[in-house]
Amino acid sequence: MIEDLYRTMRTIRRFEERVVELVNANEIAGVTHEYVGQEAVAAGVCAALRPDDVITSTHRGHGHLIAKGADVARMTAELLGRVDGLNHGRGGSMHIADLGLGIYGANGIVAAGAPIAAGAAWAAVQDGSGRLAVTFFGDGGANQGVLHETMNLAALWSLPLVFVCENNGYAVTLSQQRSTAGSLVERAAAYGITAESVDGMDVEAVLDATLRAADRARAGRGPTFLECRTYRFVGHHTAERTMKLGYRTDEEIARWRRRDPLVLAAAKLDEGRQAAIDDEVEDVLERAVEFARMSPRPRPEDVFEFAYASGLRPRDGVAA
Amino acid sequence: MSRVRYLQALGKALRDEMERDPSVFVVGEDVRESLRGVTKGLLDEFGESRVLDMPISEQMFTSFATGAALAGRRAVVEYQIPSLLYLAFEQIVNQAQKLRLMTGGQAKVPVVYLVPGSGARLGLAGQHSDHPYSLFVHAGVKTVLPAFASDAYGLLVSAVRDDDPVVFFAPAAALPTRDEVPDEPYAIPLGRGRIHREGTDATVVAIGHLVHDALVVADELADEGVSIEVFDPRTLYPFDWELLGASLARTGRLVVYDDANRSCGLAAEILATAAEEMPLTSPPKRVTRADVTISFAVELELAALPSRERLRAAVREVVREAAHR
Numbered sequence: 001m002i003e004d005l006y007r008t009m010r011t012i013r014r015f016e017e018r019v020v021e022l023v024n025a026n027e028i029a030g031v032t033h034e035y036v037g038q039e040a041v042a043a044g045v046c047a048a049l050r051p052d053d054v055i056t057s058t059h060r061g062h063g064h065l066i067a068k069g070a071d072v073a074r075m076t077a078e079l080l081g082r083v084d085g086l087n088h089g090r091g092g093s094m095h096i097a098d099l100g101l102g103i104y105g106a107n108g109i110v111a112a113g114a115p116i117a118a119g120a121a122w123a124a125v126q127d128g129s130g131r132l133a134v135t136f137f138g139d140g141g142a143n144q145g146v147l148h149e150t151m152n153l154a155a156l157w158s159l160p161l162v163f164v165c166e167n168n169g170y171a172v173t174l175s176q177q178r179s180t181a182g183s184l185v186e187r188a189a190a191y192g193i194t195a196e197s198v199d200g201m202d203v204e205a206v207l208d209a210t211l212r213a214a215d216r217a218r219a220g221r222g223p224t225f226l227e228c229r230t231y232r233f234v235g236h237h238t239a240e241r242t243m244k245l246g247y248r249t250d251e252e253i254a255r256w257r258r259r260d261p262l263v264l265a266a267a268k269l270d271e272g273r274q275a276a277i278d279d280e281v282e283d284v285l286e287r288a289v290e291f292a293r294m295s296p297r298p299r300p301e302d303v304f305e306f307a308y309a310s311g312l313r314p315r316d317g318v319a320a
Numbered sequence: 001m002s003r004v005r006y007l008q009a010l011g012k013a014l015r016d017e018m019e020r021d022p023s024v025f026v027v028g029e030d031v032r033e034s035l036r037g038v039t040k041g042l043l044d045e046f047g048e049s050r051v052l053d054m055p056i057s058e059q060m061f062t063s064f065a066t067g068a069a070l071a072g073r074r075a076v077v078e079y080q081i082p083s084l085l086y087l088a089f090e091q092i093v094n095q096a097q098k099l100r101l102m103t104g105g106q107a108k109v110p111v112v113y114l115v116p117g118s119g120a121r122l123g124l125a126g127q128h129s130d131h132p133y134s135l136f137v138h139a140g141v142k143t144v145l146p147a148f149a150s151d152a153y154g155l156l157v158s159a160v161r162d163d164d165p166v167v168f169f170a171p172a173a174a175l176p177t178r179d180e181v182p183d184e185p186y187a188i189p190l191g192r193g194r195i196h197r198e199g200t201d202a203t204v205v206a207i208g209h210l211v212h213d214a215l216v217v218a219d220e221l222a223d224e225g226v227s228i229e230v231f232d233p234r235t236l237y238p239f240d241w242e243l244l245g246a247s248l249a250r251t252g253r254l255v256v257y258d259d260a261n262r263s264c265g266l267a268a269e270i271l272a273t274a275a276e277e278m279p280l281t282s283p284p285k286r287v288t289r290a291d292v293t294i295s296f297a298v299e300l301e302l303a304a305l306p307s308r309e310r311l312r313a314a315v316r317e318v319v320r321e322a323a324h325r
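Chains as they are written, first to last, in my numbering: chain A, 1 to 320; chain B, 1 to 325.
There's no promise every hint is true.
[Stated by the list, open to error] To be clear about the criterion: a stretch of chain A counts as covered by chain B if any three or more of its residues have a C-beta under 8 Å from a C-beta of chain B, and this derived list gives those stretches:
| no. | region |
| --- | --- |
| 1 | 148-157 |
| 2 | 196-205 |
| 3 | 259-265 |
| 4 | 288-297 |
[Said to hold, decoys possible] The calculated SDA-like cross-link candidates involving lysine to any residue, where the alpha carbons are at most 20 Å apart (straight line), are:
| no. | chain 1 | residue 1 | chain 2 | residue 2 |
| --- | --- | --- | --- | --- |
| 5 | B | 108 | A | 1 |
| 6 | B | 108 | A | 269 |
| 7 | B | 108 | A | 108 |
| 8 | B | 108 | A | 289 |
| 9 | B | 108 | A | 313 |
Worth flagging that the hints you see were computed from the coordinates, not collected in a lab.
Think of the CB as a built atom: it goes at the ideal place given N, C-alpha and C, for glycine as much as any other residue.
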């Protein structure tokens, strides 16, 4: 198991590092939000899930997708805006999705996925499928009203929904101390939701907590709130490097880096196995980037494709 | 064929669709008791797994419907007052509506956002009287606003069957009207306008409940020898530009009678499109709501709303100006 968890985390880490290279080389437009440092959360949570379970992700979503089984080649193609991307180049980093794998999408609006996951969880109960839904959000998302509306309903209806709060200490640049009153787990507990705080750098601890939450959800005993204490080792997004922001100290970053979740997991592997997995991951990612670069760019005349399920063509910007 | 009130027609459409398709469910506030009158009897007939009362959490239950839709359901979300759509605007416009394109065609979000009693209802004042359909048209969300019970039935059936999000406004001022509604189920396709009365001097595009007003004014003006064509778009997005173009090819003159605010309202779009693409023989006019919050005092409420008097004046002017050319 620890091998699989390490492989997932290593894939996420190296994927993000390759993405930064591609952003810096202007092969990826805009900015992306790197998951570096938080890998144990996605890997641990998703290892507890069934293939048909649903997740809703965030603007920092690459890790969740990889851990839920999304194809890294098609993910890379999506980030490059190519037609073979998961969303055929229409979504990009912040909207990347694979509905067939239960990945209801990254989301550009903080905590917006929570009520969507609740709807999916309710449908799962109606279907009698034993499926559950997980909604990822951060400590920033914990202050959105819609998250609280969703916690209320999930508790009220005992929905099979797991709230995974990735507390990395910062809502963009605003520290938890400056943004958040009280304790996150106590907030959830106030709704009658079983809540626990987990070491988000320890992938096995995250997995164990999620397995307990999943058992509870599938047994009809309702939602769980997991606060995973973690840290992003890099900026809020790829553009932050050049911005010289002062909201975190180098000392604080260094302290967290000493608890790098990959290093902690690797310590439990045979050295030979770790090297083999690392090589394997490099190979997969190398092929992913090649695949993405080979994929055609969308044609401008296809700008209206996919706008409506019914096939309705939107109005163009000039007179018909 | 029975003569039924507007809300009964909506209720019948919901019942028929829920009967036909077990994936359809209704969600909203006080829908079990049917405070607004549309969902009456549905709880007894279909059970509590298909008629969901929600806590007062409009943003949550709007996206809840999206999640259920992604998981294979068809949702009808009821909002008791039109301005609740402002609360849920993010969830409708930025989530449900965009998911199809953003996911490259993976997502299908069949959700109807139903407002039974949209627009002003005399005395409900500033926060309960808006008619925000232009906002959804602006965002490219399919938007329906039927004037007659028979259209409301057929369009709600189509909206529920549609695989895209649809905002469905049932104008408060049209709710007391009755209309012949066939007993057998039928659907009216989205995006098709209807000409209620043919005429030769000017086309009046009337929106929602204002169609009833426009028909009265057309009768009155007929006595003065002015022949008005009354055009009811029924669906605001997609708009039936083809039918409007054909009407204007006959009349050449256009007045839009619209319950949206004047600035960037639906009437502005109709005038602009007609000016760019259609054969107008005289400058078009629009009679709209004022750009002002609705006051409580009835005199002030009425002063802000479009009126038959203003429509009559606008039509006379458009017809007269044409005569002077």
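Given the hint that residue 108 of chain B pairs with residue 269 of chain A, does the C-alpha gap stay at or below 20 Å?
Roughly 43 Å between the alpha carbons, so the hint for residue 108 of chain B and residue 269 of chain A is violated.
Report holds or violated for chain B covering the region 288-297 of chain A, Cβ cut-off 8 Å, minimum 3 residues.
Check failed, 0 qualifying residues.
Can the restraint linking residue 108 of chain B and residue 108 of chain A be considered satisfied, given a maximum Cα separation of 20 Å?
Status holds; Cα separation ~19 Å.
Quick one: see if chain B covers the region 196-205 of chain A, three-plus residues with Cβ-Cβ under 8 Å.
Three-residue rule not met by the region 196-205 of chain A, so violated; n is 0.
Given the hint that residue 108 of chain B pairs with residue 1 of chain A, does the C-alpha gap stay at or below 20 Å?
Cα-Cα ~36 Å, so violated.
Stated coverage of the region 148-157 of chain A by chain B [criterion: 3+ residues, CB within 8 Å]:
n = 5 at 8 Å, threshold three: holds.
Report holds or violated for chain B covering the region 259-265 of chain A, Cβ cut-off 8 Å, minimum 3 residues.
violated (count 0)
Verify the proposed pairing of residue 108 of chain B with residue 289 of chain A, using a straight-line Cα cut of 20 Å.
Roughly 30 Å separates the two Cα atoms, so the pair is violated.
Is it true that the CA of residue 108 of chain B sits at most 20 Å from the CA of residue 313 of chain A?
16 Å, holds
Going down the numbered hints, you'll see the structure goes against 2, 3, 4, 5, 6 and 8, while the others check out.
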